[in-house]
Every structure is written in structure tokens, then in C-alpha cells.
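Trainee: Sequence:
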Amino acid sequence: MKDSTETDAISGSLNLLSTLLDSELPSVRNFKGKWSLARVKLTQLQTHLTDFSAEFPNASTSNPLSLHLLHSISQTLNDAVSLSKTCQPETLPNGKLKTQSDLDSLLATLDRHVSDCDILFRSGLLLENSVSVSVSKREAIRSESRSLITRLQIGSPESKASAMDSLLGLLQEDDKNVTIAVAQGVVPVLVRLLDSSPSETKEKTVAAISKISTVESAKSVLLAEGLLLLNHLLRVLDSGSGFAIEKACIALRALSLTKENARAIGSRGGISSLLEICQAGTPGAQASAAAVLRNLAAFEEIRVNFVEENAVVVLIALASSGTAVARENAVGCLSNLTNSGSSEEADGLLNLRVMVVKEGGVECLKNYWDSGNQIQSLEVAVEMLRHLAESDPIGEVLVGEGFVQRLVGVLNCEVLAVRIAAVRAVYALGLNSGRARKEMGELGCVLGLIKMLDGKGVEEKEASAMALSVLLMHPANRRIFRKDERGVVSAVHLLNPSLQGLDKKYPVSLLALLVHSKSCRKQMVAAGACVHTQKLVEMDVPGSKKLLESLGRGKIWGVFARP
1 MKDSTETDAI
11 SGSLNLLSTL
21 LDSELPSVRN
31 FKGKWSLARV
41 KLTQLQTHLT
51 DFSAEFPNAS
61 TSNPLSLHLL
71 HSISQTLNDA
81 VSLSKTCQPE
91 TLPNGKLKTQ
101 SDLDSLLATL
111 DRHVSDCDIL
121 FRSGLLLENS
131 VSVSVSKREA
141 IRSESRSLIT
151 RLQIGSPESK
161 ASAMDSLLGL
171 LQEDDKNVTI
181 AVAQGVVPVL
191 VRLLDSSPSE
201 TKEKTVAAIS
211 KISTVESAKS
221 VLLAEGLLLL
231 NHLLRVLDSG
241 SGFAIEKACI
251 ALRALSLTKE
261 NARAIGSRGG
271 ISSLLEICQA
281 GTPGAQASAA
291 AVLRNLAAFE
301 EIRVNFVEEN
311 AVVVLIALAS
321 SGTAVARENA
331 VGCLSNLTNS
341 GSSEEADGLL
351 NLRVMVVKEG
361 GVECLKNYWD
371 SGNQIQSLEV
381 AVEMLRHLAE
391 SDPIGEVLVG
401 EGFVQRLVGV
411 LNCEVLAVRI
421 AAVRAVYALG
431 LNSGRARKEM
441 GELGCVLGLI
451 KMLDGKGVEE
461 KEASAMALSV
471 LLMHPANRRI
481 FRKDERGVVS
491 AVHLLNPSLQ
501 GLDKKYPVSL
511 LALLVHSKSC
521 RKQMVAAGAC
531 VHTQKLVEMD
541 VPGSKKLLES
551 LGRGKIWGVF
561 ARP
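All residue numbers for the sequence shown refer to full-length UniProt numbering, where the first residue is 1 and numbers rise by one.
No lab work stands behind these hints, which were simulated from the structure alone. Glycine included, each C-beta is placed from N, C-alpha and C at the ideal position. Treat the hints with care, since some could be wrong.
What follows is a set of in silico ranges between Cβ atoms, one per label pair, in the way DEER data are often shown [to be verified]:
{"no.": "1", "residue 1": "D79", "residue 2": "K176", "range": "40 to 48 Å"}
{"no.": "2", "residue 1": "K546", "residue 2": "E260", "range": "43 to 51 Å"}
{"no.": "3", "residue 1": "T214", "residue 2": "H516", "range": "34 to 42 Å"}
In silico DMTMM-like links for lysine to aspartate or glutamate, alpha-carbon gap of 20 Å or less [said to hold, decoys possible]:
{"no.": "4", "residue 1": "K259", "residue 2": "E200"}
{"no.": "5", "residue 1": "K451", "residue 2": "E396"}
{"no.": "6", "residue 1": "K34", "residue 2": "D104"}
{"no.": "7", "residue 1": "K522", "residue 2": "D503"}
{"no.": "8", "residue 1": "K259", "residue 2": "E301"}
{"no.": "9", "residue 1": "K176", "residue 2": "E144"}
{"no.": "10", "residue 1": "K202", "residue 2": "E158"}
{"no.": "11", "residue 1": "K451", "residue 2": "D392"}
{"no.": "12", "residue 1": "K259", "residue 2": "D195"}
{"no.": "13", "residue 1": "K545", "residue 2": "D484"}
{"no.": "14", "residue 1": "K438", "residue 2": "D484"}
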């Protein structure tokens with residue numbers, strides 16, 4: 001049975017609609033054009049109420065949304081009857097301007113009621129509340145999500161604010177709740193709320209979006225909102241509270257991973273805003289802003305914006321004095337900025353690296369490295385060292401500042417990503433510096449790298465072959481390598497074409513430095529180097545033809561030496 005209060009609201013509203021459409025509106029003499037628009041809305045509303053009564057005969061007051069909406073409609077229709085009567089005499093009792101303003105307000109309210117009815121019917125909440133069944137917890141969350149999403153779209157600002165509080169609680173409770181709410185369509189509703197909500201509700205909306213951005217499976221839905229969401233969040237950076245700014249940065253961190261969004265942030269002044277936050281924001285906002293900048297710096301075409309905004313100075317300052325997370329993100333950003341990537345602008349990259357050094361980047365890197373961070377957080381520092389070392393003059397500065405010792409110190413750490421980063425830095429530092437090659441050999445680097453040739457992952461094997469291919473340019477390091485029986489055999493195994501994903505030019509280069517040693521050449525041949533190298537020649541691997549010739553000459557001379 002339908003609740004009598006609800007039934008009265010529906011029947012009362014339908015009676016008022018009949019009165020308006022059949023009796024009052026035909027007698028109106030003023031603002032006939034506006035009243036014609038009102039008639040269209042009133043007719044739509046009449047259809048909705050009739051459908052409500054017919055399609056949901058068992059809907060009860062267990063759904064307060066429907067009851068609240070019906071009461072609001074009834075009040076609006078009473079106001080419409082009164083206003084229509086004031087427009088019937090030739091002389092308007094309340095004056096033209098006042099009456100016109102009241103009529104415009106009525107039209108807006110009627111439009112909102114029609115929209116709210118559409119939303120409520122499409123939500124499925126009326127149908128849910130007409131049947132009492134036991135449901136699983138997951139289905140209960142779905143139902144609650146639909147209810148909250150509907151409440152965010154209809155009713156008063158106070159009602160929407162209350163729904164937002166409830167939604168935030170639901171999202172914070174469990175990441176699975178986030179996934180369910182996103183599947184029910186919460187993201188487009190939240191984005192629309194950023195357009196017109198009061199500031200407090202808008203801040204909570206940003207907080208909800210930031211929470212969604214931290215759940216991997218939901219990021220694609222946020223990305224689908226495109227520039228509309230991006231522009232809203234960028235405006236928050238310039239005018240929001242500290243709380244809202246931090247939440248907006250968290251969301252932007254997820255959105256800034258695509259080149260299109262990175263380009264949009266750079267062209268809309270986002271980098272300038274983020275740098276200001278790095279200087280004057282709350283500690284949490286600084287860390288989050290630096291994380292966004294770190295993502296942006298990975299795109300080469302955006303780096304010019306960093307230079308224009310004098311970002312290096314700000315980032316070095318943050319890397320020297322921020323929270324642990326802020327410092328890591330700032331160093332990570334500097335690392336990305338100095339990464340060569342595939343850039344053809346060698347002069348511009350060198351200038352940027354020199355700028356980092358001149359502004360105190362080496363001292364900053366040294367302090368960060370030595371500050372007792374957890375080993376995982378050193379990855380960004382090792383990467384920054386590698387990128388700076390790729391420029392010859394800077395590499396010599398780094399060697400002089402004691403970074404060889406620091407690098408060797410993390411070369412054998414247990415964190416794979418840090419270990420691989422360190423090995424690649426050994427390659428970069430040793431490539432143009434004989435002093436670095438000598439020091440690294442003396443500090444035991446060669447033996448550690450030989451072990452890594454047998455590492456579990458292809459990336460680790462390749463990195464160690466890279467590093468050894470430069471370290472063995474130093475004669476003393478070749479002697480160290482030859483003393484370890486595993487070295488040559490492990491390097492030969494890397495030549496095997498069946499080992500996919502490993503750049504063969506590095507083990508080829510490594511072995512080429514050893515092939516003139518008779519004992520090493522014998523080891524290579526015994527381990528199958530000739531067969532592998534022949535296949536690499538057919539694959540046009542650089543250096544393989546020369547290596548094969550050297551291996552072949554060794555065989556010939558061996559034949560000639562026999563009695």
C-alpha cells in the first residue's frame with residue numbers, strides 16, 4: 001500500500017496541475033510567452049507524476065527522496081497557481097519587474113523538478129524500494145551508491161552536501177566501494193558538481209575525485225572526462241583551500257600520466273601553479289604537487305615550460321628541505337628533467353644539466369643520498385646521477401664529489417629496481433671517465449657485476465653487461481674479470497638469440513674486450529660463442545662480425561700450432 005502522505009502529495013499535485021492547465025493558464029493576460037513555456041514544463045511534470053503513480057504503486061516512504069520531491073513539487077504548484085492569478089488582470093498588482101522575476105524563478109524551479117523526476121526514475125531506486133528482498137553486501141553497496149549518486153543530483157544544496165559526506169565515507173571505507181561507485185556512474189556526476197556547487201561541497205567533491213584517482217581500476221574513467229575535469233582541478237590549484245589543493249594534486253597525479261593531459265597542463269599555466277605550491281603550500285600539498293611535476297617532466301616537449309618557470313631552483317630547494325615524500329618527488333622530477341630520453345636537442349639538455357649543477361643540484365643530490373633514506377627511495381637519486389653523468393664534464397665533477405663510492409655502496413642492494421638503476425649509472429659514469437672506471441674496479445665493482453650477469457631478469461643481465469662493457473676498457477679490470485671463472489661463460493650465455501629482450505651488442509662488446517686473451521678465447525669457444533655469434537652476424541648485431549672473426553682466428557692459430 002502506498003503511504004497516505006505520499007498518495008495525498010501525488011493526487012494533490014495532479015489536481016493542482018489540472019487546475020493550472022485547464023483553468024488558470026487560459027485566463028492569463030500577461031507574459032503569455034513565458035506561461036507557454038511553463039505549460040510545457042507543467043505537462044511534462046503531469047506525465048511524470050502519472051507514471052509515478054502507475055508504475056510504482058508499492059513505492060513507500062522508505063525512499064525519502066521521492067517523498068521530499070513530491071512535497072517540493074506540491075509547494076511549487078501552489079506557488080504557480082498564485083502567480084498565474086496575479087497575471088490574469090490587465091494591471092499587475094505586484095508590478096511588471098517583480099512578477100517577471102517571480103515567473104523566471106518558477107520556470108527554473110519547474111525545469112529542476114522535471115529533471116529531478118527523470119533522474120529519480122532512471123536511478124532505479126523507486127523500483128528497488130517497491131520490493132523487499134535480502135541482498136548481498138556487494139549489492140547493498142551498489143544500491144547505496146545509486147542512492148547517493150541520485151541524491152547528489154536532486155534536492156536542495158543541503159541535501160546534496162549531506163549526500164556528499166555519506167559518499168566520502170563510503171569511498172574511504174574500502175577501495176572495492178570505489179570500484180562499485182565508479183561502475184554506477186559516480187564520476188560524471190562529481191565532475192558536473194564542480195561546475196555549480198558551493199565552495200564547501202566543491203572541496204568535498206575534489207576529495208572524492210582524489211580518492212577515486214588512487215584506485216588503479218578507476219583511473220581510466222577519470223581520464224575519459226578529459227579536459228573538463230582537468231580544467232576544474234587546475235582552477236582549484238589557483239583558488240582552493242590548502243585541503244582542496246592537496247586533493248586536486250592527488251587527482252592530477254593520476255591524470256598527468258598521458259601526453260595529452262601533460263601538454264594541456266603545461267599550456268594552461270599548471271606548471272607555474274604547481275611550483276608555487278611547492279614553495280608555499282602545506283607539506284602534503286608540496287609532496288603531491290611535486291609528484292605531478294615529476295610526471296610532467298617525463299614528457300620532453302613539456303620541459304621548456306619548466307625552464308621558462310625557473311623550476312630547477314624551486315625543485316632543488318624542495319629536495320633540500322621538504323618532507324621525505326616531497327624530497328623524493330622533487331629529486332624524481334629533476335631526474336626526469338635531466339633524462340636524455342629520445343631528445344635530439346643535445347645542447348638544450350646539456351644546458352639544463354649544467355643549470356642543475358650550477359644551482360646546487362650536486363650538493364643537493366649528495367645530501368639526499370646521505371640522509372638515511374630507505375633504500376627504495378634512493379632509486380630516484382641513482383637515476384638522477386646517471387642522467388647527469390651522461391654529460392662528460394658533469395661526470396668528472398660527480399667522480400670528484402665521491403659518487404663512485406656512493407654508487408658502489410648500493411650496487412649489491414636487495415631492491416632490484418635500485419640495483420639495476422645503480423648498474424646503469426655505473427655504465428654512464430664509466431663511459432667517459434677513465435678515473436671512474438679505475439676507482440670502480442678498485443672498489444670491487446667488477447665481481448659484483450659478474451654475479452649480476454646470471455641475474456633472474458633480462459633487464460638485470462643486460463644492465464650488468466652494459467656496465468662491464470665500459471669497465472673492462474681499463475686493463476686492471478680485465479685482469480679481475482679473467483680471474484672469475486664464471487665471467488666469460490655467463491657473458492657467452494647472453495649471446496644466445498633465444499634469450500629475448502636483451503640487447504646483444506653489450507655482451508658482444510664485453511667479450512670483444514677479452515677475446516685477445518688466449519684463455520678467455522678458449523672459454524668462449526667451449527661455451528658455444530661461435531655458434532651464437534654466427535647467428536648474431538646474420539641478425540646484424542653491431543660488433544658481432546668482428547667478434548666472430550676474432551674467435552675464428554683463434555681456431556686457425558690453434559690448428560697451426562699443432563705438431
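Trainee: Compare the distance between the alpha carbons of K451 and E396 with 20 Å, and conclude whether the hinted pair is satisfied.
Mentor: Judged against 20 Å, a Cα distance of about 27 Å means the pair is violated.
Trainee: Holds or violated: are the alpha carbons of K545 and D484 at most 20 Å from each other?
Mentor: 26 Å, violated
Trainee: Falls inside 34 to 42 Å, the C-beta gap from T214 to H516?
Mentor: 57 Å, violated
Trainee: For the pair supplied as a hint, K34 and D104, confirm whether the alpha-carbon distance does not exceed 20 Å.
Mentor: 8 Å, holds
Trainee: Look at the Cβ atoms of K546 and E260 and judge whether their distance stays inside 43 to 51 Å.
Mentor: 45 Å, holds
Trainee: Go ahead and decide if the range 40 to 48 Å is satisfied by the Cβ distance of D79 to K176.
Mentor: 45 Å, holds
Trainee: Could you grab the alpha-carbon distance between K438 and D484 and see if it respects the 20 Å cut-off?
Mentor: 18 Å, holds
Trainee: Could you grab the alpha-carbon distance between K259 and E200 and see if it respects the 20 Å cut-off?
Mentor: Outside the cut-off at roughly 32 Å; violated.
Trainee: Would the hint linking K522 and D503 be met if the CA-CA limit is 20 Å?
Mentor: 24 Å, violated
Trainee: Does the alpha-carbon distance linking K202 and E158 stay inside the 20 Å limit?
Mentor: Given pair K202, E158 holds - Cα atoms ~13 Å apart, limit 20 Å.
Trainee: So if I understand the rule, the pair passes when the alpha-carbon distance is 20 Å or less; does K451 with D392 pass?
Mentor: 28 Å, violated
Trainee: Is K259 within 20 Å of E301, Cα to Cα?
Mentor: 9 Å, holds
Hint violations for this structure: numbers 3, 4, 5, 7, 11, 12 and 13, all remaining hints satisfied.
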